[in-house]
Structures are given as C-alpha cells and as structure tokens.
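**Student:** Line by line, the protein sequences give chains F and L.
Each step along the first sequence adds one to the number in our numbering, with nothing skipped, and position 260 is 260.
Each step along the second sequence adds one to the number in our numbering, with nothing skipped, and position 354 is 354.
These are calculated hints, taken from the structure and not from any lab test.
Treat the hints loosely; a few may be bogus.
[To be verified] In silico lysine-lysine, DSSO-like type, Cα no more than 27 Å apart, as pairs:
1. 321(F) - 382(F)
2. 272(F) - 110(F)
3. 381(F) - 118(L)
4. 60(F) - 444(L)
5. 318(F) - 205(F)
6. 301(L) - 355(L)
7. 430(L) - 444(L)
8. 275(L) - 60(F)
9. 209(F) - 172(F)
10. 382(F) - 118(L)
11. 162(L) - 356(F)
12. 172(F) - 139(F)
13. 162(L) - 233(L)
14. 356(F) - 319(L)
15. 233(L) - 275(L)
16. 118(L) - 58(L)
17. 110(F) - 60(F)
18. 187(F) - 295(F)
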Amino acid sequence: MADVRELHKLLMELDDQLVTCMRCGMCQAVCPLYAETGREALVARGKIALLEHLAHEMIKDAAGVQEKVETCLLCGACAANCPSGVKVLDIFLKARAVLTGYMGLPPAKKLIFRGLLVRPGLFNTILGLGAKLQGLFVKPVNEMLGSSCARFQSDVIGDRHFPALAGEPLHKLVPSLDTAKGNSGLKVGFFPGCMVDKVFPRVGKAVLKVLEHHGVGVFLPGHQACCGIPALSSGDRKSYDVLVDKNLECFAGGSFDYLVTPCATCTSTIKKFWPTFADSADQGRREALVALAAKTLDINEFLVDILKVQPSGVPGAKDMKVTVHDPCHLKKSLGVAAQPRQVVRLNPNVELVEMKDADTCCGCGGSFTLLHYDLARRIGKKKRDNIAASGAQVVATGCPACMLQITDMLSKAGDRVAVRHPVELYAETLG
Amino acid sequence: MLSDALIKKFKEIAGQANVMDDEADRHAYSYDSAVLQPVVPALVVRPESTEALGKVVKLCGENGLPVTVRGSGTNLSGGTIPDPRDGVVILTNALNRILEINEEDMYAVVEPGVVTAKFAAEAAARGLFYPPDPGSQAVSTLGGNVAENAGGLRGLKYGVTKNYVMGVNFFDTEGEKIVTGSRTVKCVTGLNLAGLMVGSEGTLGVFSEIILKLVPPPAANKAMMVLFDDVAKASETVAAIIAAKIVPCTLEFLDNFTIRTVEDFAHAGLPVEAKALLLIEVDGHPAQVADEAAQVEAICKKMGATRVQVAQSAEERNKVWEARRAALSALARVRPTTVLEDATVPRSKIPAMIKALDEIAAKYKLLIGTFGHAGDGNLHPTILTDRRDTHEFERVERAIDEIFEVALGLGGTLSGEHGIGMAKSKWLAKETSRGTILYSRRLKKALDPKDILNPGKILGEE
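With the sequences and hints as input, model every part of the structure.
**Tutor:** Here is the structure:
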C-alpha cells in the first residue's frame, strides 16, 4: 500500500474541482443509484463530500471512500443536472485513479486489464476460443433476443441472460479496410469497439453497409484495442494509457474526415476522456488525441448531421413499433438524442413510440453490472418495465453495453421484444 | 461512541441495512447545503415505516441521543447538520408515500419524505394545485418544507408552506404520537400544535404524517419581462404594482450582475445593458388575467421601464422564466463557493435594500449578485467567494452581518424562507427580543427536557 500522505497530496490536487460542489443536492433528483438506495454516500454530492473529507484528512477510511466512489454507474446524469457545472465524471475518474494507486488494483482486474486487454491479439484469441467453447457452458433462452444463460452455476455469470459471443467476430469477417471516398466525398475512420466486434458484429456490418450505400470511404485498421474506459473507470491509468496509445497508433496510418463509432461509450470516451486524461503525455501525443477527439462522432450523429440522410419518402407498412432508449453516454455526455430517433425513422416500416424515462440509465454502467449486479438489475428492471409499457416490438439503442443489459432484463422477464441498434434498422431497408 | 448493544437495538427496529455506522457512510450525512463546518453523526438510521420511526425516536429519547431529522439535506441554514455529541441522523427518504389525495375535499395526506415536486405533479395530475415551490423542490421533501416553512417563487400571491398545512402527526421524545389539525378546512380542536410545528426546524417533534391543503389551479396566466435602465426604477415599480392592489403570482428581480452572468452562461438573449429586470406573471380567471396584465404593463411603462415584453405563447413564457431559472446556476459557476442569503424586507423597502446591497458589495470588495422574489420582499443576495480564502471569507461573514443589520433596520427579517438553523441563531434576539428567546427555550425545555431534538438550531446553545 502506498503512502497515505501521498494519497492526501494527490487528492488535494483535485480540491479545486471538489470545492465547486455547493452541496445543493440537485443530483439526488436524477441519480439512478440514489433512487434505488436513498443513500447519500452513493449520490454525487455525497461522494464529493467524502473525497473532500479524505483529502482534508477528516476521514481515515480510504477503503470505505473508494468503495462508495466506485459504486457509480458513471452515467453522468448528475453532471448534466448540476447547477454549478461540477465536472463530476472527471472528478470520479481522477479520484479512482488516485485511490486505486493507493489501494492497489484487485488481482482479477490486474489480470484482465494488464494481462489481457492491453494485448488486443491475445484478447481476441481468448474470446475467439470462448466463442467456440461457449456452447458447452451456456444454453439459449430467448430466441428473439438471442440470449443465453449459464448451464452450470457460475459466480461471474450468475443468472444473467446475455447474448452469446458471436461465432465470427467482426475482425474475422472484416480484418481491415481502406476504401476510397465515394459519392459523398467523405471518408471515415471506423472504431467498432470491443462489444460490437465480439458480441454484436451484425451492428458493425450494418454500419459498413450504410457507409457503402452512401458512398463513404472507410478506414478500418486491424488490431484496434479497447477504448480504455474499463481500465480508466477502475482507476488503472497505466493500462488505459497503453490502450489509448495502441489506438492512436492504429489510426495514425490513415487519412479520414471523421472517426465514427456505433458505441456510445466508445464515442464519449474518445471524445471527452482521451483529451482530458492526456496529461501524462508529451505534447505531440496530446495534440494527436485532441485532433482525433475533435473528429469523433457517434454513427447516428454522422448520418444525420454530416451526411444529412433523409427518409426515402417511400411509404412503408409502419408495422414495427420501435422505442428508443437513450444511452447515458450519448444523451447526457454528448447531447445526442434526436439523431438516433431520426435514424430509426429512416426505416419506413417503423412507428416510433416513446417510452417513459427514455433517458434514464439502464443500469449497466460498464463493469458496474459485473460488480453490483443486484443494483444493476433493480435499475434495469425499471427500464424493462418502461420498454414493456411502451408496447414496442423493438427497442433501439446506440450503445452495445445498453443492448447487453437490456437484453438481460427483457429476457429474464420473458419479453418478446428485440434489441437493435438504430443503424441496423436503417441498414435493413437498403437492398 | 454508541455501544454495540445500542446499535443492535436500532438495527432490530429499522432493519440491518437501514442503520449506517461505518465511517464513510456517516460522513455523507455531516453537511447540508449551508456553507458551515460539517459535523459527523454517530449513527444514521433510515426507518421504512412510521411505526419504526416512532420507535427510533423513542430509543433516542431513552438514551438521550440528539436527533437530527433529514429528508434530502438541501436546507441552507444548517438545520440538518447533526449534533457533535453522538448525534443520530434519522432519514425520512424511505417514508415517501402519498397516502391520500382527496379531490372532492382538496387535501392530501403524505409521509414526510415525499419529494415536493413529485407531490405537486401528482396533485396536478388530479387537477389540483400545490403552490409552494422552493428552488430545491425537485429534491426537497415535504417534511423538510414544513419544518423550515419553505417558500418559493409563488409566495407573493399563494403564500408559503405554512399556508397549506392543515395538520401534522408527530412523535415526541418519548415516542408518543401527537395528532393535530384535521382534514377539514375549519378545525379549532385543541392547541394549535400544527401551527407550532411549522417552521420549528425539528426542535419540537418528529413528523410522521402531514395533511396538506390543495387548491384549484389557475385557469390562465400571462408572463412578461420588463427592462429598466435604473435599479431604483425597477424596485419602485415593484412597490407601485403592489400599491395598485395587484398581486401577481410571481414578481422576480434580477440585477445587472446577475443578468450579465446568466447571459454569459445561458445565451438566452438577455439585454446585458439593462440595469435590472423584472419578471412578472399574473394568473387566475382569464378576464382578470387580461385586465391585470394590461394594468401591470401600464404601471411598468409609467414607472420608466425601457421595454416591456409580454409573452404571447407558452414558449415565450418559458423563455421569460429560463432567465430566472438559470440565475443560481450561472452565479454558482463564477466562484467556487456560493453563499445564498435570504434577508427579507417589507416590499416598500426593496429600493433601499438593493441600494444597501450594492454598497456592501463595494465596501467588502465582494461579488454579490442579487436576484429573488422582489414581490414579497425576499431577495437573494448571492455572495460569490471561495471558502478556502480565509481573508476573503472573513469579509463575507462581515458582509452577511451587515446585510442582516440593514434588513432588520428596514423592518425586515433574518430569513424569508431558508430558516434560522445554526447559521442565523446568533441574530435571533436582535430581530425578536430576549423574552422571545427565553419563552421559546422554556417551551422547548418542557417538551424536550433532555434537549435531544435538533439541539442548537434556532435558539442556539444556552
């Protein structure tokens, strides 16, 4: 364990940001964890107070503070609703790095981040193997959702219902790509993200189909690494920096107008956190990260705001009721909410129906769902109820992590509701 | 330190998960929204039923443990900062059931932990109106609103929380349930204990149920934004509107500093050159609204307003209020610490108060943005500072002292809506009298002989 004085010193460096919280408590109104637990230590105001108390040596319990600070979905609802503009997510991510530095990274995370995630080749191989063997361990439960559950008692999987690893990940189907600009005169870099690559390659294929249809050139370098958010949110800055560097290297080789991703989490990580957490780097790296971040767009945003894709005007049957779930990382972090709905409407058969609280967190929160499944499930249950009440046959959402969580919730409830990415619904209409 | 045996008793009553005794959890209940030193409680208990609440209070009473009841902890006067001597925080946020909304008789019965805005929305869904709208209503609880006698933007016409409390049930320190007030409009049964409890800031009992009056919603409303090139003209206009016997539902004031800050932050198209803004809304029967809006417009022009913009649609009305809603957010971003005061003066004294605030800002070299409920004399001079700068913060404290001095000198009061709590108790005698304090202390002593109900609040330390 590192020196406690070092811990206080590093936390004091956060003090300028901590002190901007005026303790008004408005974060309580929107925090999914507070709604579920009513516990002040789990809402942004409480966590900030605890960090400040720890920094000022008023409290000794660093482990207790770490546990509270890590019990957070990082959904950003508090930051979006904060009258004082407290940069809550920046604070929490920095604090997690400081606290993890002091307490040490738990062995399981060390193995996953430092042993596996930072070696994209090995990561792909292991999960590829997993995809081939998973039939032995999991069994399908809901054909419409494509969900499975564990055949045997398993601590990690529990009683989750999840989409199985894809038989052929995207990087096997399309190892790399470098196509010229077509009619659009544009070319994009494509960052599918781990979840699309390994669980939902169909989303990646839909993106490529749509881009080709609109004459957009694609630069898809092989050997892309994870965007880094699991490591960053666990306070493992070391692995995070390695991952960011690997990706920077991947994309340095191509020339493109925009970097698009079909993953809300990857988009917000690249766009917001890559430049924010570039402090340990030299100036060249920092500039490259800032430049790449400025080019980064969610795929829905790219289609609507840049390509200005319009509905075909061909009248459709309107026989598919679709409701849209706003991923936190799209709406609260990037302010993207209208575009996914526009993309869904590009399918002439779609009737868009809004669910209650479309923009509240589904409860996934990345690795939160692994560590706090009971809370994740309670929050997800509300999302499921709202989806079911909307009467939709399809729920569309621009985040593969949300897709995973929502699939689990719907599958457990035995719902016949399909989970799709908006781009999939559009791609279906293109020959 | 509380003994393990005692903590076990709390757990038996409230359930294992509802008793928090670890250090990090307790630290999360050491503060509220006031800029005051935090105090860490010895224990935090979150009863899920009113029966459990009563038993928890009784257990505290038997053991002489100081009790601070907390809803959402949004109050601005330190009313929910616990007592340093083994203080127990009782959370009410699990007691959040709306027990009854009676449309025929227009009242509701609620538990203390119901969030104000949720309750107002629920009433609105039944075609009824709960007017008190404190700035924190999205999170504040009704129990806290009653305990602090919270106000809001509609205080001018509709009054504050006390005008809507028909009755409260509460526990005394022995866990006895006290029933006061009624579901009837008229009720003179017994002492007016409900009246005593409103604004008592948790010093006389612990609420378990509250009966609230509801009213029919206004059929129409009209909002306008009025610009002035001179602060005195704006404040004189406020006085003139009231003098003309017109009572708008809302009459808000923003000074130039606040206007500029809001504009920088929200880009709402506000006139940054205006020295002051009034945001005025009248509501009621459509004919009355049309008539009053025309009168208000005429008065504003006569008093020298440079522009009167009457909202022609719901969208424009919303735009009028956007500026006001953004005021605190915008100011809060200027400096790390935001000290929001609520000294209140008779409406006719608003011009003098605003002038004094300007002078105080200059004298103590402080940034003070002033906005607030001009219509009821309740201004919010908002001091923008950094509590870590001890020299500056000393000037802030002296400025606050002077603000109260001026407000009291003008026949005003220490607090329009935030309560006295810990922040203002030292001033209480100045506004009232020595006799008032002694009388209040005797009252508290009789009802709470061990002084366990939110000790130190309102009446200070003996």
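**Student:** So, for every hint listed, does it hold in this structure?
**Tutor:** Quick rundown of the hints versus the structure:
1. 321(F) - 382(F): Measuring from Cα to Cα gives roughly 20 Å; hence the hint holds.
2. 272(F) - 110(F): holds (25 Å)
3. 381(F) - 118(L): holds (21 Å)
4. 60(F) - 444(L): violated (37 Å)
5. 318(F) - 205(F): holds (24 Å)
6. 301(L) - 355(L): holds (22 Å)
7. 430(L) - 444(L): holds (20 Å)
8. 275(L) - 60(F): Distance ~50 Å between residue 275(L) and residue 60(F) Cα, so the pair is violated.
9. 209(F) - 172(F): With Cα atoms ~17 Å apart, residue 209(F) and residue 172(F) stay inside 27 Å; holds.
10. 382(F) - 118(L): Roughly 17 Å separates the two Cα atoms, so the pair holds.
11. 162(L) - 356(F): violated (34 Å)
12. 172(F) - 139(F): holds (24 Å)
13. 162(L) - 233(L): Not OK: residue 162(L) and residue 233(L) at ~32 Å, beyond 27 Å, violated.
14. 356(F) - 319(L): holds (25 Å)
15. 233(L) - 275(L): holds (10 Å)
16. 118(L) - 58(L): Distance ~30 Å between residue 118(L) and residue 58(L) Cα, so the pair is violated.
17. 110(F) - 60(F): holds (26 Å)
18. 187(F) - 295(F): Given pair residue 187(F), residue 295(F) holds - Cα atoms ~12 Å apart, limit 27 Å.
Violation of the numbered hints given earlier is confined to hints 4, 8, 11, 13, 16; the remaining hints are satisfied by the structure.
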